[in-house]
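For the record, the sequence lines run as chains A and B.
My numbering puts the first residue of the first sequence at 1, with every later residue one more than the last.
My numbering puts the first residue of the second sequence at 359, with every later residue one more than the last.
Read the hints as simulated data drawn from the structure, not as lab findings.
Note that the structure is predicted; figures quoted are calculated from it, not measured.
Hints may be right or wrong, so weigh each one.
Said to hold, decoys possible - Below, in silico cross-link-like pairs of lysine-lysine (DSS-like), each with a Cα-Cα straight-line distance of 25 Å or less:
| hint | chain 1 | residue 1 | chain 2 | residue 2 |
| --- | --- | --- | --- | --- |
| 1 | B | Lys628 | B | Lys513 |
| 2 | A | Lys325 | B | Lys378 |
| 3 | B | Lys378 | B | Lys628 |
| 4 | B | Lys680 | B | Lys586 |
| 5 | A | Lys270 | B | Lys649 |
| 6 | A | Lys300 | B | Lys700 |
| 7 | B | Lys649 | A | Lys291 |
| 8 | B | Lys486 | B | Lys513 |
There are 2 protein chains.
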Amino acid sequence: MSKARARRGARRMVVLTDGKLNIWSAKTAVSVIRYRPGEIACVLDRKAAGRDLHALIGTGKGIPIVASLKEALAHKPNTLLIGIAPVGGKLPAAWRKVLIEAMKAGLDLISGLHTFLNDDPALAQAAKRHRREIWDVRVPPPDLDCSENVAKATKCKRVLAVGSDCNLGKMSVMLELTAEARRRGYDAEFVATGQTGIMIAGSGIPMDRTISDFTNGAAERLVMERKKREILFVEGQGAIGHPAYSAVTLGLLHGTAPDAMIMCHCPTRKVTHSVETPIPPLPFLIDLHEKLAGLVCPAKVVGIGLNTFEMTETAARREVEKTEKRTGLPATDVYRFGRVDKLMDALERHYKMRKGQR
Amino acid sequence: MSKARARRGARRMVVLTDGKLNIWSAKTAVSVIRYRPGEIACVLDRKAAGRDLHALIGTGKGIPIVASLKEALAHKPNTLLIGIAPVGGKLPAAWRKVLIEAMKAGLDLISGLHTFLNDDPALAQAAKRHRREIWDVRVPPPDLDCSENVAKATKCKRVLAVGSDCNLGKMSVMLELTAEARRRGYDAEFVATGQTGIMIAGSGIPMDRTISDFTNGAAERLVMERKKREILFVEGQGAIGHPAYSAVTLGLLHGTAPDAMIMCHCPTRKVTHSVETPIPPLPFLIDLHEKLAGLVCPAKVVGIGLNTFEMTETAARREVEKTEKRTGLPATDVYRFGRVDKLMDALERHYKMRKGQR
């Protein structure tokens, strides 16, 4: 967050979800609500207004959902955050009016869209007129360069989330692991690589917005700037087999040079998100990731993070058992079973380290 | 090339190599000289001036090498092309003076650097003053988007060059294959994906300069715009195991969805170019590429293009035999042995097609 914001005090955010308030379409909203609950004034969603937020998305107890900007203002916000991320990241034309009204009412804007709000003449003009700040989270640093293949030589342990698809909870698993590592006394940091992670962490690089020749280099920089930490938990991006996003995924894998990976997987998904292609079996994917990572730095997949949101309790438990049997690795759904400790135990075994109490 | 240039007639180019005239450092110069010989007025290289161009780089018979811009002007050029591509692609500060003098003398500029000449205030101003044109080849189309995973459904045959490293001749192998396919009567097109290829072909997208989220989509567009062709030969980029460039490589692989790949390899190279990491054995790399490509579209590596430039004739012949034995695939050095027909034969077998005379 900028210095201007720091001077004005803590954020109180309206989270705009525009009729798409569910855990798949409103990934940004759900995560910011889950990991920054104290900063949320209300959610603005014309379709879900009046409903119970926790019942809808499994987090955000007590946070109201309102139908209009006018109602939202009654909750005294100072910021509007765009909480949904359409494919391609473009700004829906209808939002422009709402965003200008919000600035007129004294709100700053936070956006993770590919289209930068600051580049929109009408929005930029309104921000200037009303002295509001627009934070385009997806603007990468201006001075990126090619990777020099140095992350692998750092002393910090580098854990990367990978996945059988995009949009299935890689960021959440790493946030939970960071919290668990800190509980055990490790000097751990969550490394944000996407717009939502950056909104939560307050720093990071939007990997998917870098120039492709510098994508590996951007990932490397994230590690080099934090190399004095004991463990880094790097937010994953896309999937190595996703037809649209695989460039970003491999750049992140080679740039950060992980020595351990957590494989994230949604058992109810048979084809990749949005642009459909079949998802291969987990053992095949684990082997492929270890081979690919090993081209730069030897790495093992040490645990599986499952997203069982759409399964019954019984089916989810069966899936955990089945996954552990098929892969020989510990598996869990860190939200459903609250057992992120299983994955942290696996990392301690992998790194042959032990600290703190369980 | 632009409309303005088309109006003024054919190019006569000074190729600037600035003391780096050899086949490794002056990749752009060597390729443009080889594939556009009729458009080259002279080479400007202070260190190699007066020497025999063909003896130095194996092509460009009879083209003079001069030491200064003044000498170059005696050969009546209308364009200056920057013929070397430093890592990161930045403009060496010392060149600015020469480029401005060239424009003053009536020359247009062509550059494939990451730093756009048009963004340099002094160069842009000089271009305007002297009514010269600066073609920054590396500017990608402004309207790229995410891949929709549609290239795999096109009827054209899609052949992609892949490699065990960057900078070992992938583009050349595809240019030679395109020529051979045309000799056999196929409606074939070379698809340029890098600055040099674009200079030679006159169209294409600089894959390494795309926004990473759109890299796969850019590759897909190259195929979709040419889907009515019989065979596309797509210029490869980087290498799946290159620590700095692998994002670009995988984006190109998944975006173009090849059904056949030609693996390019330089036997004398043991670690990757510039940013060193060990190059794994060819059979491992072939298997890895087929697995990765197969996530989007089934594909086979059907032949090996070797770069034996630094080997003796005997060693090169032995290497071809050894490679064929190890991989079970036809191998050749398309320049040294002039046997690109072996690779085209392999493609005809793969696609079960046959046309023309051999």
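So, going through the hints one by one against the coordinates:
1. B:Lys628 x B:Lys513: violated (38 Å)
2. A:Lys325 x B:Lys378: violated (58 Å)
3. B:Lys378 x B:Lys628: Roughly 23 Å separates the two Cα atoms, so the pair holds.
4. B:Lys680 x B:Lys586: Roughly 38 Å separates the two Cα atoms, so the pair is violated.
5. A:Lys270 x B:Lys649: holds (18 Å)
6. A:Lys300 x B:Lys700: Outside the cut-off at roughly 40 Å; violated.
7. B:Lys649 x A:Lys291: Distance ~11 Å between Lys649 of chain B and Lys291 of chain A Cα, so the pair holds.
8. B:Lys486 x B:Lys513: violated (45 Å)
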